[in-house]
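Chemist: Working from the sequences, and respecting the hints, build out all of it.
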Amino acid sequence: MVTSLDRKLFRDLWRIKGQAVAIALVIATGVLLQVMMSGLVASLTETRRAYYERNNLAEVFAPTVRAPDAVLDRLASIPGVARLSGRVVGRALIDIPGDPVPIQSQAIGIPDTGPEVLNNVYLIRGRLPEESHRDEALLLSGFASAHGYGIGDRINVTMNGLRRSIRIVGLAQSPEFLFVAAPGEMVPDPARYGAIWMRSSALAAAYDMEGAFNEVLLSLSRHASREAVIAAVDEVLAPWGGTGAYGRDELVSDRFVSEEIEGLATMSRAVPPLFIAIAAFLLYIVVNRIVQAEREEIGLLKAFGYTNREVGTHYFKLVLLIAGAGALMGCLFGVLAGRAMIPIYTTFYNFPFLVFRPDPGAFAIGVLASIAAASAGSVFVLKRIFALTPSEAMRPPTPADYSKTVTFRGTVGRLLDQPTRIVFRGLARSPWRALALSAGIAGGMALASGMTTIYGSFDRMMDLSFTVIDRSDATVFFHTPLAEKAAFELGRIPGVITVEPFREVPATLKFGRKTHRGSVSGMIDKPELTRAIDDKLATIPLPTQGLVLGQALAEILDVEPGDVLTVEVREGRQPTLAVPVTRVARSLIGAPAYMRLAALNDVMSEPGRISGAHIRVDGARADAIYRRLKDMPTVAGVSVSENARESLQKLMDQGAGSARYIMGAVAFIITFGIVYNAARIAQNERSRDLASLRVMGFTKGETAFVLLGELTIIILVALPVGSLVGYALSFAIARGFSSELYQIPAYYDPFSHGFSAAFILVAAAISGLLVERDLNRMDLVTVLKSRD
Numbered sequence: 052m053v054t055s056l057d058r059k060l061f062r063d064l065w066r067i068k069g070q071a072v073a074i075a076l077v078i079a080t081g082v083l084l085q086v087m088m089s090g091l092v093a094s095l096t097e098t099r100r101a102y103y104e105r106n107n108l109a110e111v112f113a114p115t116v117r118a119p120d121a122v123l124d125r126l127a128s129i130p131g132v133a134r135l136s137g138r139v140v141g142r143a144l145i146d147i148p149g150d151p152v153p154i155q156s157q158a159i160g161i162p163d164t165g166p167e168v169l170n171n172v173y174l175i176r177g178r179l180p181e182e183s184h185r186d187e188a189l190l191l192s193g194f195a196s197a198h199g200y201g202i203g204d205r206i207n208v209t210m211n212g213l214r215r216s217i218r219i220v221g222l223a224q225s226p227e228f229l230f231v232a233a234p235g236e237m238v239p240d241p242a243r244y245g246a247i248w249m250r251s252s253a254l255a256a257a258y259d260m261e262g263a264f265n266e267v268l269l270s271l272s273r274h275a276s277r278e279a280v281i282a283a284v285d286e287v288l289a290p291w292g293g294t295g296a297y298g299r300d301e302l303v304s305d306r307f308v309s310e311e312i313e314g315l316a317t318m319s320r321a322v323p324p325l326f327i328a329i330a331a332f333l334l335y336i337v338v339n340r341i342v343q344a345e346r347e348e349i350g351l352l353k354a355f356g357y358t359n360r361e362v363g364t365h366y367f368k369l370v371l372l373i374a375g376a377g378a379l380m381g382c383l384f385g386v387l388a389g390r391a392m393i394p395i396y397t398t399f400y401n402f403p404f405l406v407f408r409p410d411p412g413a414f415a416i417g418v419l420a421s422i423a424a425a426s427a428g429s430v431f432v433l434k435r436i437f438a439l440t441p442s443e444a445m446r447p448p449t450p451a452d453y454s455k456t457v458t459f460r461g462t463v464g465r466l467l468d469q470p471t472r473i474v475f476r477g478l479a480r481s482p483w484r485a486l487a488l489s490a491g492i493a494g495g496m497a498l499a500s501g502m503t504t505i506y507g508s509f510d511r512m513m514d515l516s517f518t519v520i521d522r523s524d525a526t527v528f529f530h531t532p533l534a535e536k537a538a539f540e541l542g543r544i545p546g547v548i549t550v551e552p553f554r555e556v557p558a559t560l561k562f563g564r565k566t567h568r569g570s571v572s573g574m575i576d577k578p579e580l581t582r583a584i585d586d587k588l589a590t591i592p593l594p595t596q597g598l599v600l601g602q603a604l605a606e607i608l609d610v611e612p613g614d615v616l617t618v619e620v621r622e623g624r625q626p627t628l629a630v631p632v633t634r635v636a637r638s639l640i641g642a643p644a645y646m647r648l649a650a651l652n653d654v655m656s657e658p659g660r661i662s663g664a665h666i667r668v669d670g671a672r673a674d675a676i677y678r679r680l681k682d683m684p685t686v687a688g689v690s691v692s693e694n695a696r697e698s699l700q701k702l703m704d705q706g707a708g709s710a711r712y713i714m715g716a717v718a719f720i721i722t723f724g725i726v727y728n729a730a731r732i733a734q735n736e737r738s739r740d741l742a743s744l745r746v747m748g749f750t751k752g753e754t755a756f757v758l759l760g761e762l763t764i765i766i767l768v769a770l771p772v773g774s775l776v777g778y779a780l781s782f783a784i785a786r787g788f789s790s791e792l793y794q795i796p797a798y799y800d801p802f803s804h805g806f807s808a809a810f811i812l813v814a815a816a817i818s819g820l821l822v823e824r825d826l827n828r829m830d831l832v833t834v835l836k837s838r839d
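This note's numbering applies: residue 52 is where the sequence shown begins, and numbers increase by one.
Hints in this document: simulated from the structure, not taken from any laboratory. Only true hints are included.
Straight-line distance between alpha carbons at most 30 Å, and here's what the computed DSS-like set of lysine-lysine pairs gives: (1) K59 x K368; (2) K577 x K681; (3) K68 x K751; (4) K565 x K587; (5) K681 x K701.
Label pairs and their in silico Cβ distance ranges: (6) L767 x M829: 18 to 28 Å; (7) V72 x P612: 49 to 59 Å; (8) E611 x I202: 51 to 61 Å; (9) D300 x I202: 31 to 41 Å; (10) E611 x A779: 17 to 27 Å; (11) G613 x I202: 50 to 60 Å; (12) T397 x G752: 51 to 61 Å; (13) T397 x I202: 17 to 27 Å.
These numbers come from a predicted model, not from an experiment. In this text, a Cβ means the ideal position worked out from N, Cα and C, and glycines have one as well.
Modeler: Below is the structure:
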């Protein structure tokens, strides 16, 4: 049954429909982000779990140089090992016709008979290779799609220095390759890195591994200690060149997916509450204004017998309808936004299936949080309603004391016309109201400028990474560490301008209980192509002894200059070193650790060895140089800086980094809602005063000037404050978007702050036009009869 109060409720909603829609949209965006991000977290987590489970992804990986198959029996007897599988893996180069750059790939052995015990491939099309046909292979489906390969095509692959022609009989995916990036690179690019699966006997013959393996995959029993198993495996494989077993969570592919999930979870917890809090603040102001305007009506309702509970419930329903409508819209559009994001994730993370599954808890949290926040703001208004008695409510409120107000005499008084003086007096008489509106607009400015700055920060990260830190045109990797003369051989290739050798040593870095599996990069004394830089972009000189850590790695290990790291080298003699940290460098891609090349070779007891070289080339001869490198048997791969930059740019624009566009759009929607509500609130609070001015002879333009002049001053005060808060906020946003893959630098960008200020002014202009239109249509008699 629709009561009289219900009909009044709908009339009130219609009267403030613009403000109600704006507030509902603010709530909707907060709930949208909650539902979308929580759903993506649930979808990625559950899909990854199911994919790993169905394809038996190993829990422990143990690479080694070469171990006989008989060692597998000793490994199987380790307590806690449920299943294991030895396999042959090797680096390979794929020759793509028409592409001068050799493409790195990983060749992986699958059992000659029967299904794989662990790390099963997910066959997309075709069939498995036959044991009797050693030239048959499966190709990673993403790589095949990028280059247009299909079933029956042949590719030329260089394995162990020998070129072979391989026929593709199937396209596959694997949980090992959710995130596809070449060794030594941090940027995913399915076109620049592939995977080939061949029968074990064929691959063992190619890599001289008959009767042996160079990697062990293990799954563990339910209550096994992974650390104890890893320690036992390392002990068994040590005589055979074991380079250190590691858990699934240190697999490059799994680590990056985990970071993406963690980042989404963090934003889902931090961002939506901010938007909902803003909406609750706006609801409080709007409902408080309605209660003040309907003071007499509230008295009449109580005089006619309505209880405090009934009157309070009436206004509480108004809050619930706005909050509930916004929450329901947020739930609906959150599901749609989540589904729209799924193709982005399937582009960069190679799941064979990924379906957006909303998290039921996110719906409950979003709706309940919206209602709770709105209710919290309305409590103060309800207390005022309960305190009103009929006799008090039906009397006009005590007039404000304007005996002490700002006056304008002398030159200032002559320069300012009457409407302008009214503007300044209005601000001086209601400073708290002006401050509240200014604070709300400053918050919108902070959100807009903070998010807009991040757009520039992503571009700055790209520029610094590829023009300041890494100034090379390409990086050449060797199969094994070679003598330094290999760098001179590269320099003799026509068109190579500069050669800068380096040594890359895989290692586990430890500090206290913190551990990071990565590598140590040995660099020449005065590098020019790839450098460690400080916050002022100056080159950091490498110490004769000690490490320079990238900022991301220093944060992961929680170390500062002067701390001593334990470095467990996973190559050659595999020494364990105690190395002091001398400096922390500014790093934007990856988590590097730098050391002098000579010092690194000394601790390895391998003087004069290099793993590769950074090169600068003549652009006109680049294709010829890359073809020459492709034919060199010692070259394991070539990474072209321009290709890496394009891949990272694609990731920023279409992959994980694209979330910044969504956040930016949401920030501007909220900003507009704040500005529009500020204008409407100012209009409602001054409607009777403005009508009085019209009766006294002020024109429509002068009357609008009084209101919009106040709003203009409030906005102009809010802009610099919001800019300062936005600058501080940009650091928090940058940290939220940063990961081990890339670190976003926060900095002051005048264009971003100027653009955000311009948006605020445009929003104010649109709001002002809407308010002026309503002022011009104002019924003076009706307004003046009301009691404010």
